[in-house]
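> Read off the chains here:
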Amino acid sequence: MSNEIEAIKDPGLPAHVHRRADTDPKAAAKAERQVAILFLLSALGTLTLIGAYFFIPQDSFIFFPVLGDTNAHQLFLGLGMAASLFFIGMGAIHWAKTLMPDEEVIIQRHEFRSEDEDRADLIATAKAGAAAAGLGRRSLIKRSLGLSLGLVGLSPLILLRDLGPLPGDELTKTSWKAGTRLVTDPGDRPIRADDLEVGAVAQTLPQIGEGVHRKLSDIGKDAVLLIRLRPEEFNLDAERLSWTHEGIIAFSKICSHMGCAVALYEQQTKHLLCPCHQSTFDVTRAAKVIFGPSARPLPQLAITVDSEGYLIAKQPFSEPVGPSFWERSS
Amino acid sequence: MTASERIAGTVANYVDERTGAAKWMKKNLNKVFPDHWSFLLGEIALYSFIILLLSGTFLTFWFDPSQREVIYDGSYEPLQGLEMSAAYASTLDISFEIRGGLLMRQIHHWAALIFMAAIVVHLMRVYFTGAFRKPREFNWIIGVGLLTLGIVEGFLGYSLPDDLLSGTGIRIAEAIIQAIPVVGSYLAFFAFGGAFPGEAFIPRIYTVHVLLLPGAFLALITVHLMLVWYQKHTQYPGPGRTEKNVVGYPLFPVYMAKAGGFFFIVFGVTAFLGAVASINPIWLYGPYTPGQVSAGSQPDWYMGWLDGLVRMAPPLETYIFGRTISWNILIPGLIVPGIIFTGMALYPFIESWMTGDKREHHLLDRPRNAPNRTALGVMSLTFMLVALINGGNDIIAVTFDLSINQIMWFSRIGIFVLPPLAFVITKRLCLSLQRADRDLVLHGRETGRLVMMPHGEFVEVHEPISAEKAWLLTQHEQNPPLALEESDLRGVRRPGVLKNRLRARLSKAHAVAIPKATAEDLKQIEHH
Chain A
31 MSNEIEAIKD PGLPAHVHRR ADTDPKAAAK AERQVAILFL LSALGTLTLI
81 GAYFFIPQDS FIFFPVLGDT NAHQLFLGLG MAASLFFIGM GAIHWAKTLM
131 PDEEVIIQRH EFRSEDEDRA DLIATAKAGA AAAGLGRRSL IKRSLGLSLG
181 LVGLSPLILL RDLGPLPGDE LTKTSWKAGT RLVTDPGDRP IRADDLEVGA
231 VAQTLPQIGE GVHRKLSDIG KDAVLLIRLR PEEFNLDAER LSWTHEGIIA
281 FSKICSHMGC AVALYEQQTK HLLCPCHQST FDVTRAAKVI FGPSARPLPQ
331 LAITVDSEGY LIAKQPFSEP VGPSFWERSS
Chain B
174 MTASERIAGT VANYVDERTG AAKWMKKNLN KVFPDHWSFL LGEIALYSFI
224 ILLLSGTFLT FWFDPSQREV IYDGSYEPLQ GLEMSAAYAS TLDISFEIRG
274 GLLMRQIHHW AALIFMAAIV VHLMRVYFTG AFRKPREFNW IIGVGLLTLG
324 IVEGFLGYSL PDDLLSGTGI RIAEAIIQAI PVVGSYLAFF AFGGAFPGEA
374 FIPRIYTVHV LLLPGAFLAL ITVHLMLVWY QKHTQYPGPG RTEKNVVGYP
424 LFPVYMAKAG GFFFIVFGVT AFLGAVASIN PIWLYGPYTP GQVSAGSQPD
474 WYMGWLDGLV RMAPPLETYI FGRTISWNIL IPGLIVPGII FTGMALYPFI
524 ESWMTGDKRE HHLLDRPRNA PNRTALGVMS LTFMLVALIN GGNDIIAVTF
574 DLSINQIMWF SRIGIFVLPP LAFVITKRLC LSLQRADRDL VLHGRETGRL
624 VMMPHGEFVE VHEPISAEKA WLLTQHEQNP PLALEESDLR GVRRPGVLKN
674 RLRARLSKAH AVAIPKATAE DLKQIEHH
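Residue numbers (the numbering used here), protein chains in the order written: chain A, 31 to 360; chain B, 174 to 701.
No lab work stands behind these hints, which were simulated from the structure alone. Errors might be hidden in some of the hints.
[To be verified] Subject to a maximum C-alpha distance of 27 Å in a straight line, what follows is the list of computed DSS-like cross-link-like pairs (lysine-lysine):
no., chain 1, residue 1, chain 2, residue 2
1, B, LYS600, B, LYS696
2, B, LYS600, B, LYS681
3, B, LYS642, A, LYS39
4, A, LYS127, B, LYS199
5, A, LYS39, B, LYS696
6, B, LYS307, B, LYS696
7, B, LYS405, B, LYS204
8, A, LYS172, A, LYS157
9, A, LYS127, B, LYS200
10, A, LYS39, B, LYS307
11, A, LYS39, B, LYS672
12, B, LYS417, A, LYS39
13, B, LYS417, B, LYS199
14, A, LYS127, B, LYS600
15, B, LYS642, B, LYS417
16, B, LYS200, A, LYS39
17, B, LYS196, B, LYS405
18, B, LYS417, B, LYS405
19, B, LYS405, B, LYS600
20, B, LYS405, B, LYS200
21, B, LYS672, B, LYS600
22, A, LYS127, B, LYS204
23, B, LYS672, B, LYS307
24, B, LYS681, B, LYS531
25, B, LYS200, B, LYS681
26, A, LYS127, A, LYS60
27, A, LYS207, A, LYS157
28, B, LYS696, B, LYS531
29, A, LYS127, B, LYS672
[Claimed, not checked] Label pairs and their in silico Cβ distance ranges:
no., chain 1, residue 1, chain 2, residue 2, range
30, A, SER169, B, THR515, 30 to 38 Å
31, B, MET625, A, THR53, 41 to 49 Å
32, B, TRP197, A, ALA154, 24 to 32 Å
33, A, ARG167, B, VAL188, 42 to 50 Å
34, B, ILE508, A, GLU240, 44 to 52 Å
35, B, ILE508, A, PHE69, 49 to 57 Å
36, A, PHE69, B, SER576, 53 to 61 Å
All residues carry an ideal CB built from backbone N, CA and C; glycine is no exception.
Only chain A is shown next, with the shape it has when bound in the complex (with noise of 0.2 Å):
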């Protein structure tokens, strides 16, 4: 279509424009200082470095606009080093762009395409090669190479086994049993009812023996947030109210979405959210999802106090805590 019709015609390369310092020496001579300058500029910027790093305290203080209070060390010390690079950089530029040729070269492409007879070579090189070797004939050893080949493959599957143990039941377990103490965390101090006022929340974890050390990876499935409501306030089944004590409520603080901590307890419309990505849990009707991606509940503890008045677990948690996994049965 557009063959048939003449199209506008290519004017070619405009013709180079000289700059100044092409014709004028004095231009040039000028350009060349400026050069000179930035890159003393960049010396004088690796002096500033040497100078912060030895001499500026690293608990130095001054205030700046814009930055407020700033370590003196560090600012002179990045600033000094920011200043030796970027002139060299402006100098080498600048010597490019007045001094260095400007005018635009043509170079021709060259066909990545090899020719026909060199294609033609390849092939009857290749046939030849596996002709030699008997790929076509000898297929036991195609066979068989193919195999070993493939069971090769396989082994740094099974050297890397050991890279963990299997989830046995790591994933469904907590520490929490029958009669549990919940301690404070940080603290590890036992908690009474009366501890926690109506409106509170508490973060908390079962207790562990004297100078037994805490893991993470229990810390990670054991936290439990506990909040105290007034008792009428709750909306729940008579099962789950007789897992709360005195307006007291337990849940996992593990979010049940992608296990970040669900920390955010809001005690006007006693929501939890999960700052992670905002699931958001109505703590009146047993941690049932309101909002965001999360698709359960936080589970719930059932709790309890012993015979010295301390908030016990009743049973362990009945089902597993934190995000979901392929064996989870519900």
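Chain A is already provided as a structure; the job is to place chain B on it using the hints.
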């Protein structure tokens, strides 16, 4: 002959007698590179990578990639006496005890952000100008690979300090692994050496971050550059520029000085940012523990879209035969990103299939002259932008005093509505620009000078545009859509009718254009 010439000659002779490098050097020093600011974007990515290697090496001398618990006794008072991992403690030491350590940490982090930004903008330049077309499809795929690796590398990098913010990020990554059907919990236990967080993960990702992935980067970048070198750079259309030539500056000395100088400028600007702009102040977040979280948890920007998709996902899980499938994690975390990146990698082949164009292209397209491609690109960007905005929905809600639920609903609806809208608007804009180009060639430039004719009419004087400009506006090809017959000459239906019909429709959509001005049109106007 001066003394320095003699020395240079001796060295050159020594090397050439052993390698025959002179022939190759002679040819390549005269290699021509076209000049355009948008060709610097890839350079920024390359230079940031070098800065990352240099600053990263510095950091490894003091960083202790271990989750062994230590008690902090450094000079940052608020954290003194606290239990934390050696990784976190050594990052604090780099920030507070090692002179220049904080500067290097900040340069490293800034360089990583610039690296990713440069890759993305470079990719947009390559896409919108059609530089991915034959013969450069391999380099496009390598580029998509580099982008993907960059996202992973960046994520691992900011996870290493083991602070409360990054630990939360690792927890989310663990949940994504765990959500993979059948093998998820096994993979998670293998990756973490047991239950999350364990003590194996930081040392392991350290090896991946400083050895495996940088090695992969080096290999891919080398091939990427060698292909650019061998295939020669594309160039923008203009007078004197054709599919068969390259117009620009020779490698030595002009291009070398400019490119070398630009490296120092990029490094200098990154160092300036490292000096004045605080980034990832991990001492404010505290050490990681799974029971706590910092409000406003945000990943780095190149992960933000992924987080935004996860946030807007509907609460869907399937429980079947005693097993759980978490669609709320799988769809936004694996399936959608998988489709996006695969589609991106395959795009050159899809476009060439649609247009039936199997020729080499070395002249770049002006985006308006490929309306369909440009619209598809803007549509994809709109999708990413909505996802990214939703990734910051909590920050937006707090900053602008909005309801987070409303922002989430805006995103949930917007992610479906806005991209197609962007497609339609962009395509129309492109066609309007084509129309404007045509008018400009045919009727010339408006001068703003009004003239009163003898009979009282006012007209604006138009000035013809230069021959160079007219050529630029009309040099592009306008190819008709593919003619795919549904049946052959004897009336027998061809196989694959549906596929052909789809291809014909796509090809037709791709070929929509405003006819460009021709010399014929110009002559006709002159006759009037």
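> Hint by hint, which ones does the structure fall short of?
1, 6, 11, 14, 16, 19, 25, 27, 28 and 29
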